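Participant: Since chain A is already given, all that's left is putting chain B on it; use the hints.
For the protein sequence lines, the chains are A and B, in the order given.
The numbering used here numbers the first residue of the first sequence as 1 and each following residue consecutively.
The numbering used here numbers the first residue of the second sequence as 1 and each following residue consecutively.
Not one of these hints is a red herring.
FRET-style restraints, in silico, Cβ to Cβ:
#1 R89(B) / F48(A): 16 to 22 Å
#2 L121(A) / M305(B): 31 to 37 Å
#3 G74(A) / L306(B): 44 to 50 Å
#4 T47(A) / D93(B): 23 to 29 Å
#5 L90(B) / N73(A): 26 to 32 Å
#6 W173(B) / D91(A): 44 to 50 Å
#7 D270(A) / R89(B): 43 to 49 Å
#8 N230(B) / E160(A): 49 to 55 Å
#9 I309(B) / L121(A): 26 to 32 Å
#10 Q120(A) / M305(B): 33 to 39 Å
#11 E326(A) / A174(B): 54 to 60 Å
#12 A101(B) / Q234(A): 50 to 56 Å
#13 I309(B) / S94(A): 50 to 56 Å
Not everything, but these chain A residues come out facing chain B in the computed CB check (under 7 Å):
#14 S111
#15 R117
#16 K123
#17 G126
#18 K139
Everything labelled a hint here was simulated from the structure, so no lab data went into it.
All of these numbers come straight from a predicted model, not from anything done at the bench.
Just so you know, even glycine gets a beta-carbon here, dropped at the ideal spot from N, CA and C.
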Amino acid sequence: MSSDAATPAATSAPVPRQKSTGLHKGDIRPGVEKVDPIVIADGVTRTFGGLTAVDVDHLEIPRNAITALIGPNGAGKTTLFNLLTGFDKPDKGSWTFEGRSLSGIPAFKVSQRGQVRTFQLTKSLGLLTVLENMKLGAKHQRGESFWAGLFPFLWRKQEEEFEAKALELLARFKLDTKKDDFAASLSGGQRKLLEMARALMSDPTLVMLDEPMAGVNPALTQSLLEHILDLKDQGMTVLFVEHDMHMVRHIADWVVVMAEGKVVAEGPPDSVMKDPAVIDAYLGAHQDVDLGVVTGRIAGEVPSEAAEALAADIEQEQAADAAAFENRKAGE
Amino acid sequence: MDWLTIFGNTASSLISPATLGYALAAIGLAVHFGFAGLLNMGIAAYMAIGAYGYAISILTFGLPWWAGVLIAMACSVLFSLVLGIPTLRLRGDYLAIVTIAAAEIVRLLFLSTTFDEYTGSADGLSGYHASFRESNPLPEGTYGFGPWEYTANGWWVRIVGILLVALALLIVWAIMRSPWGRVLRGIREDEDAVRSLGKNVFSYKMQALILGGVFGSLGGIVYALPSSVNPGVYVTSLTFFVWTALLLGGAATIFGPVLGAVLYWVVQTLLSNILPALVTAGILPFMSTSQAQTLRFILVGVALMLLVIFRPQGILGNKKELTFVK
Chain A
1 MSSDAATPAA TSAPVPRQKS TGLHKGDIRP GVEKVDPIVI ADGVTRTFGG
51 LTAVDVDHLE IPRNAITALI GPNGAGKTTL FNLLTGFDKP DKGSWTFEGR
101 SLSGIPAFKV SQRGQVRTFQ LTKSLGLLTV LENMKLGAKH QRGESFWAGL
151 FPFLWRKQEE EFEAKALELL ARFKLDTKKD DFAASLSGGQ RKLLEMARAL
201 MSDPTLVMLD EPMAGVNPAL TQSLLEHILD LKDQGMTVLF VEHDMHMVRH
251 IADWVVVMAE GKVVAEGPPD SVMKDPAVID AYLGAHQDVD LGVVTGRIAG
301 EVPSEAAEAL AADIEQEQAA DAAAFENRKA GE
Chain B
1 MDWLTIFGNT ASSLISPATL GYALAAIGLA VHFGFAGLLN MGIAAYMAIG
51 AYGYAISILT FGLPWWAGVL IAMACSVLFS LVLGIPTLRL RGDYLAIVTI
101 AAAEIVRLLF LSTTFDEYTG SADGLSGYHA SFRESNPLPE GTYGFGPWEY
151 TANGWWVRIV GILLVALALL IVWAIMRSPW GRVLRGIRED EDAVRSLGKN
201 VFSYKMQALI LGGVFGSLGG IVYALPSSVN PGVYVTSLTF FVWTALLLGG
251 AATIFGPVLG AVLYWVVQTL LSNILPALVT AGILPFMSTS QAQTLRFILV
301 GVALMLLVIF RPQGILGNKK ELTFVK
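If we strip away everything but chain A, and leave its shape as in the complex, we get:
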């Protein structure tokens, strides 16, 4: 496609925002209690044959904060996402959303309760126009029942409201000029934007984004980041899976690290990335140590000097990041 909506975020210059802090109670450790959790999961396990994809003892997601879920490929992040949203059923375990149990609730009801997700492989509805995609996201549509659908006067007014709201969101995501095009004609990055915008049509309380930045160019990443930060400003809670550590460090208030299906570490981004377990399991200080050692499945030693070296690297990189960020701001 010729025009990626990703004109460098000139209009919305990134403003560094205050991170949410003080989200947890007591010492930081995997499964730490949160001051105000929106999702609480207990003993959730999911096995595929002999493989335990997810085995989470206890996990709480803080409300009105941006939580990143990171971990190596095959760590069970997406499976956990699928379990929490009802797209998959766990072998055992329970979890609540806003204090109400979500175990065994089908995916569409989970979404109706305000927990809306996107997908790692973007699911735009190709042969619907961008505007139709958006309007589909709205909840409580009168015209979505068969008999009412036959009589436009019952739903036309509501439809106009949804259309106005959809256009407003599309303008925010810079897709308004594409509203009458088929979603299939959008570029990959634009589809990511559309999927996120569509999820927002339902006014969710918890937005779950599965790799929102995968395959998105850097300029568009910048505007997507802004959109995610905006969600928090509007009072939503965000949980996202991501491999881009710059992004995680930049926007996440809290980071949960998974490896081999377990939560191996969590905490604020700066401290969690210095955690040797994280460096071993994910960031990759030394590839010669078995992942099982890190998760405690196999007995073994984690050499500490390598971990420290990597931590120093990260710090350096972080400083360079911040400098680049300042430069860009100065340039605008």
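Facilitator: Quick look at chain B alone, frame taken from chain A:
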């Protein structure tokens, strides 16, 4: 060669009950496949249920014809529920396999001698016309002009058929531009995405199966209305003929199924008249007249292949959509 008869028959097929029956069934299939993405390969079963439901209501239970229509529709709804509850969770191609098997089960049940008393097994059912013809508002006589000259009863069947087709078109047109239709088209594209937006995908698929099934059963009734119910009709090839009509016109269009059904029958009638005539006239000396009758089905198959390869969106389909077909 008698060109007048050939073209007369061809023109007459424009509004024949068979054409109208196919049109209704194809509209039902358009709801299933074109809009909801359900690969239903068992439309013949819906037509059979329509025809048998109508005929048995009248012959066995002595009900008036309109009650027969309502019962046939109710039976198709029941069949949709029985078929849909276990199968609608399956992905597209598996649904096709299950529906084709279900259609065969339905046909063999009607064919079986076990229920001979009600279904007439291999003989089928006939002689259920009295109630329908009594309600005919047209006075006795022959009406029309040229190739479209029919008796009062012949016209009555066609009028009912045309009204049903018009009603079906109206309903499909109205519902597909509503938010309900939008959800359905969304499910066709990606049901997990629609699920993630809080829509009960299973319920919508079931509603679509029921709606299309009701049209399919009405198609079966109109097809059987002027003559008889013959179990040899509801074979798997009937399903494929209706599919041909649908794909010819355009699966995801409102008028496509009707245009497709009309074209299908016009071409079929033309070929079935012209090919034997060509043989008799010695132009196709290498085959017999009965072989010529079979040749038309070969030609239909070739046409279907060419259609799917070169114009998969059908005659009325949107070219723009095709750009993005995966």
